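S.K.: Each chain, letter by letter, is given below.
Number of protein chains: 4
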Amino acid sequence: MSAAKPFEPVMTAAEVENFVMAVFPQSDIYRWFAKDVRPGEISVGMRISDQDLRPGGTISGPTMFALADVTAYLLILAHIGEVALAVTTSLTINFLNKPEPGDLVAHGRLIKLGKRLAVCEVHIEPESGGPMVAQATATYSIPPRG
Amino acid sequence: MSAAKPFEPVMTAAEVENFVMAVFPQSDIYRWFAKDVRPGEISVGMRISDQDLRPGGTISGPTMFALADVTAYLLILAHIGEVALAVTTSLTINFLNKPEPGDLVAHGRLIKLGKRLAVCEVHIEPESGGPMVAQATATYSIPPRG
Amino acid sequence: MSAAKPFEPVMTAAEVENFVMAVFPQSDIYRWFAKDVRPGEISVGMRISDQDLRPGGTISGPTMFALADVTAYLLILAHIGEVALAVTTSLTINFLNKPEPGDLVAHGRLIKLGKRLAVCEVHIEPESGGPMVAQATATYSIPPRG
Amino acid sequence: MSAAKPFEPVMTAAEVENFVMAVFPQSDIYRWFAKDVRPGEISVGMRISDQDLRPGGTISGPTMFALADVTAYLLILAHIGEVALAVTTSLTINFLNKPEPGDLVAHGRLIKLGKRLAVCEVHIEPESGGPMVAQATATYSIPPRG
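Chains as they are written, first to last, in numbering that gives the first Met the number 0: chain Z, 0 to 145; chain A, 0 to 145; chain X, 0 to 145; chain F, 0 to 145.
Since the hints were made in silico from the structure, they are not lab data. Just so you know, these numbers come straight off a predicted model, no measurement behind them. Careful, some of the hints might be misleading.
As the list makes no split between identical chains, a pair holds if one copy fits it or if it spans any two.
[Claimed, not checked] When the alpha-carbon atoms are kept at most 25 Å apart in a straight line, the in silico DSS-like pairs for lysine-lysine are as follows:
no.: 1; residue 1: 111; residue 2: 97
no.: 2; residue 1: 97; residue 2: 34
no.: 3; residue 1: 114; residue 2: 97
Given these sequences and hints, build the entire structure.
M.R.: Shown next as structure tokens:
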């Protein structure tokens, strides 16, 4: 059996961010930014505002879901190139510790990049440090490439 | 072995909606409303606005996640009473068919209501009819009741 | 938007059972049997033996996983016909209540049957009655049909 | 906000293996063995036999589920000590690549170790090398410790 083939990115953090901002202008409302693309991995930051908060000052579940989802999407794009049509087929998110109000950073890791499906793990942490606040596994369907 | 005990609601749709609006005023931004509470079940509607849409007119993943999460939360509240501190511990969502722009309705069903954990299934459909657009399973942690 | 199209089975319980026993003779070790196929639904029984038990007499997780997986597989086959190559891509199982030793029955429900992916919910209960012991959601990849 | 506290094991691979073999003698049928315990991590091997195989020589889903589940259980035990009563509450498994017949190794990583819940990621690979064949996320309920 051959060794596992390493994942090789084909876009930089700036390229993937610019591409998504151009094709999904509405995604701006999530205030995310691609920080860094590495082989099989990505880091994505998110600025948290008042509308993301819940009573007690914690960050809402939909905000963390949105960060996990955009992180997986950017990670896949960075490794397959400009294919806007990849769509989430499923996402499992575990909420681990209540986040304090403050910016978040998500670290995404490619687990599989097949012809039809891609699978990623995402870990979300406070930008300021501290324990992981959410963990997600996302599956994306990749359109046939002609 | 005894028969399965049926679930009995302790709050009406109006009561659960008023309670959540009072303790989570921010949740208003999701524009949901409890339609109906039945034993072990709930129906929750959501009005879709421009900010929920994505290119091509489809509804965003975070919007459907938010509807699944609020539906599970309202369903549990309706069966355990006014306990604001139940928190989502995990949520798995499957995106099934691209929704057309338009209001959504979610049907939640209690699968387990234990002392520490509750598990629900949620089915999301277009208000106007048509195939299911998302299916979710949510697990909530229930605080000790004194 | 048109109404949701109902699912129509193309094989009976006996046909789907015979087909799987022929192409997967090893699956016999799980001692399952198809009880009933209905539009979009199936019921599958499983005989529990000593090797399925754990200390205290409860039924093992892998046994319940195997029942959930075979139920989803039989349900999909019954609706797409004799296609042995459908493969599980993901399965989420929630363990709800410790089962007493005794036979189990699983009720599967089709949520989506697309060209490439099928999604099912499975509820596992004691054959003798009592509360649900496990709930699963399974996703299958369907091979291209020529 | 303080830095994330590292996980510290309290049992060695041999200790955790001996403890589980003593309290769950039936688990022997899965033919697993703890290879290595590190802070927040474990590696567990599994010998594959004919009964684990499916047509075409691939390894069955229930076998991979059993390996993921025992890996998460051993990982948690190694970090909380001899508490036989931790129980799986949910497990999500993604099947990534068809495994060739041959022994497997699972790498488990603690994501959260709380008072009531623990969450782990598990990656399953062929012992002989090659791409990951399955990825799982498991949640365990931890009994109150007196």
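S.K.: So, for every hint listed, does it hold in this structure?
M.R.: Verification of the supplied hints:
{"no.": "1", "hint": "111 <-> 97", "in the structure": "between (30 Å within a copy, 12 Å between copies)"}
{"no.": "2", "hint": "97 <-> 34", "in the structure": "within (24 Å within a copy, 30 Å between copies)"}
{"no.": "3", "hint": "114 <-> 97", "in the structure": "between (37 Å within a copy, 14 Å between copies)"}
Violation of the numbered hints given earlier is absent; every hint is satisfied by the structure.
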